[in-house]
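So the chains spell out like this:
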Amino acid sequence: MTIKQVSVFLENKTGRINEVTKTLSQHGINMQAFSMAETPDFGILRLIVSDVDKAVEILRSADFAVMLTDVILLHCPNKAGALGEILEQLAVADVAIEYMYAFAEGDMANIVVRPTDIARCEQALVGLEA
Amino acid sequence: MIWNPNKECMSRDEMHALQSKRLQKLVTYVYHNVPFYRNKMQAMDISPDDIRSIDDIVKLPFTTKQDLRDNYPYGLQAAPASEIVRVHASSGTTGNPTIVGYTRKDLSVWSEVMARCLTAFGVTREDTFSVAYGYGLFTGGLGAHYGVENLGATVIPTSTGNTEKHIRLIRDLKISGIACTPSYALYLAETLEKMGLSKEDIGLRIGAFGAEPWTENMRKEIEERLGLKGFNIYGLSEIMGPGVSYECQEQNGSHINEDHFYPEIINPDTLEQLPRGTQGELVFTTLTKEGMPLLRYRTKDLCTLMEGECACGRTSVRMGRIMGRSDDMLIIRGINVFPSQVESVILEMPEFEPQYMLVVDRAGNLDTLQVQVEVRRDFFSDDIGSMLAMKKRLADKLKSVLSISADVKLMEPGSIERSQGKGKHVIDNRKLK
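Here the protein sequences line up with chains A and B, keeping their order. At position 35 of the first sequence (counting the first as 1) the number is 34 in numbering that gives the first Met the number 0, and the numbers step up by one without a gap. At position 278 of the second sequence (counting the first as 1) the number is 277 in numbering that gives the first Met the number 0, and the numbers step up by one without a gap.
For the record, the hints were derived by calculation from the structure and aren't laboratory data. For clarity, every value in this text was computed on a predicted model and none was experimentally measured. Be aware that one or more of the hints could be misleading.
Using 35 Å as the maximum straight-line C-alpha spacing, the simulated DSBU-like pairs for lysine-lysine come out as follows [stated by the list, open to error]: (1) LYS12/A <-> LYS408/B; (2) LYS390/B <-> LYS12/A; (3) LYS408/B <-> LYS423/B.
Taking the hints into account, I'd like the entire structure generated from these sequences.
Put into structure tokens, the structure is as follows:
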């Protein structure tokens, strides 16, 4: 399933991530997934949230640099080899991945994939997403 | 329009004669009233009689900022206290502040030269003009204020502070001109955009910008975002305050009010006077000042002087853009670096906000330069690769302009402190060690 991910540009500074999460929580926005890409001076915080439009509006009005990115959200069983199957399928279909992050809760795992080519990735995953 | 064609368009010969007469009078005046100058002149074995024309100015001693500090507070004042009607003071971040007393005549000369500047910018009696320099000890606010009143336009003494209120006044009172620092003009533009307004919602036509060095790119940026034409106004509190020189509509250098402030360019190392067109340190002599007249005051500003009649009709000597105050010049790994060079590069790149900070430090025996710059919201990308490429583009350009490499640090928009007065662009941590 293609969804919108919220990306936030952040200075690499103590407490800065906290300011983002605090801003969101004050407005009742829940985060479902969260990843941080970092360089020595700046980072990009990537979020999957309950209400994308509201999150963007709130963060922008709090002066954060925010943008939306299309990503693919997948679910798979939380067991050995399950992720491997998916990646295998993407490799066979020649889908390049810019980045991904995953987390497991209970019996299921959630995977966020940012492919270079969204359409191609969706095509390759037909049948898996049930 | 020209405020005072008699003086601004005087023939060179007449100007030479006027300056010569005024210099002779000035030297006699300071010799008899300021022990500091009398002692210096006696030590150099010169007397007022040795000054027969303005060309003899090279015989006279220089005055430095340090001299002003050493003679704090009133040591260089020539007029008796009863004649002083106002005092201004410099910020004094690095020692005693500089105290400058003005007589009633000094204030009248000041509002005269300010009216010349404003008229050259195109301000008329019909204009409503906001003075957004700080009012107080700083010369910017009151100096510009009395100039606008003298000219006959309506002055709005906004000073600095509540920027949103200022913007509402600009809109509601149909303010057409503004005087402020270039840094503040940018902040004004930023606040305007933040309020959901644009330059079409306000009717600013003329900006008188000064009190800090700024670049041509900065001018373009401000003009584009505020919808006005920006003019350079130059001055320094030791000499008078704003109004020492000003751009005309030609914007080919700034005309110096040289019937009051005589300019020279010197080699800052040998102190030799340099010919017109050569870059060096700008030096001023206050030809008509009564309160605290100065002989050959070294401004530490680096620029060139140009002669020749301007297309606007004025005949006065013009000064080129200030390359930088020699105080602002950083020496990093033996290379001279001016913040204005960095500014010029950053303002050419749409990816960045026109805000920056140079952080200089020393790691081991090596100087390091970090350039902090804000990424514009529209240029932020989720792709680390393209963010790093943006960073490299700036680093490469800086390297080619500065001849030394700088570490670029990408910052969030709005994170570098905004200035309502003079912009702060350098943090030099080397001095603290």
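Hint check results:
1. LYS12/A <-> LYS408/B: With a Cα-Cα distance of about 12 Å, the restraint between LYS12/A and LYS408/B holds, given a limit of 35 Å.
2. LYS390/B <-> LYS12/A: At roughly 18 Å apart (the allowed maximum being 35 Å), LYS12/A and LYS390/B satisfy the hint.
3. LYS408/B <-> LYS423/B: holds, 17 Å
Checked against the numbered hints listed earlier, the structure breaks none of them; every hint is satisfied.
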